[in-house]
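So the protein lines, in turn, are chains A and B. Just so you know, we're using this note's numbering here: the first sequence kicks off at 1 and counts up by one. Just so you know, we're using this note's numbering here: the second sequence kicks off at 269 and counts up by one.
No lab work stands behind these hints: they were computed from the structure. Predicted model only: the values in this text are computed from it and were never measured. Glycine included, every Cβ here is placed at the ideal spot set by N, Cα and C. It is possible that part of the hints are untrue.
Part of the chain A face toward chain B, derived, beta carbon under 8 Å [stated by the list, open to error]: (1) 21; (2) 45; (3) 146; (4) 148; (5) 196.
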Amino acid sequence: MVWVGWGHPKVTGVLPIALGDATKVIGVLMLADKEYVAVMQLHKYVDDDRLISVINEFIGEIYQRPPVRSSVKRTLRIKRVYDIKVLEIKFPYVLLHVSCEHGTYVRKLIHDIGEVLGVGAHMRELRRVRTGPFREDDYLVNLHELSEAVYLYNELKNQSLLRKYIMPVEYAVSHLPKVVVSDGAVGALTYGADLAIPGIVRLHEHIKKGDLVAILTLKGELVALGRALMDSEEIVNNMKGVAFKTIRVIMPRDVYPRAWGQRYTRTS
Amino acid sequence: MDVTSEGLKFIDELDRFGGVSRRWLIKRDESTDSRYGVLPKTRPISELLRFGIICVDKPPGPTSHEVVAWVKRLLDLPKAGHGGTLESYP
């Protein structure tokens with residue numbers, strides 16, 4: 001049998017698209033873990049036990065060289081594969097559920113499994129079922145449904161469908177640890193200031209120095225992304241000091257009043 | 269319900285959505301002024317188009333980049349971007 005001309009594998013699934021200024025958070029999604037369901041096609045028969053035991057060898061840290069046609073430098077990289085479940089075997093096809101670190105090439109993973117098996121394999125189909133916090137759920141929208149929602153809004157001024165499909169940007173950082181700040185601290189943050197302890201109202205436990213966090217208002221609005229300069233416990237036990245470095249500001253300036261340089265009176 | 273409780277309820281909902289089960293450490297009790305900002309769920313459409321996310325089910329065929337371009341044109345946006353490519357190559 002000659003294995004040429006397979007064509008491109010069919011690739012579908014969860015693709016979060018950030019609108020307008022929400023594009024500032026896409027880095028967070030790119031670095032988030034991913035889950036896929038893939039169809040592997042074996043080039044020769046192998047028995048199920050051997051297949052499963054070889055697949056299990058690929059769980060954990062693996063070395064991957066990015067494929068020839070890729071957008072990153074082709075040096076050997078270590079990628080974490082958290083889990084591979086064999087959902088179904090129907091020779092020559094094997095249905096896999098892969099959960100992995102960002103930047104893991106499933107296509108390459110399947111090719112490598114084929115090499116170790118000694119029979120060869122390639123990826124026939126791929127569906128991404130999770131990108132960070134986003135899964136296959138009712139908010140997942142296909143292009144046809146989206147175009148209907150836009151038509152309904154433009155022509156009939158009906159927002160209902162569009163509102164169902166566009167989620168507030170905050171959901172894109174929902175998997176991060178969070179810090180909630182007072183109204184008085186928001187202004188300075190949007191002008192790029194770092195977050196000092198007096199501006200913090202509450203925060204998640206177990207934040208470690210160096211962790212990426214979402215900085216929110218008491219209304220739940222995303223103000224900025226920050227990098228912890230202290231652990232949670234240290235922040236709780238201190239009254240002053242810079243606790244988070246502001247690394248990306250999402251909220252526009254002057255939504256909240258400027259309160260720095262003057263005594264901010266709390267509304268209680 | 270007052271705006272602060274609504275806000276904190278929304279934050280709890282975000283935690284559930286993102287699978288975060290950390291407890292909160294409370295520094296102090298404080299409320300937010302309803303005159304500034306907006307509860308994310310009540311954001312008007314015009315603001316959602318600037319501070320929103322659409323989870324598209326990418327069809328086979330076009331590249332992630334082409335899908336973004338299509339959504340951008342459909343919604344008449346100045347900017348849009350995707351969270352990680354999903355391509356048949358590589």
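Now for the hints, and whether the structure bears them out:
no.: 1; hint: 21; verdict: holds (5 Å)
no.: 2; hint: 45; verdict: violated (26 Å)
no.: 3; hint: 146; verdict: holds (7 Å)
no.: 4; hint: 148; verdict: violated (11 Å)
no.: 5; hint: 196; verdict: violated (12 Å)
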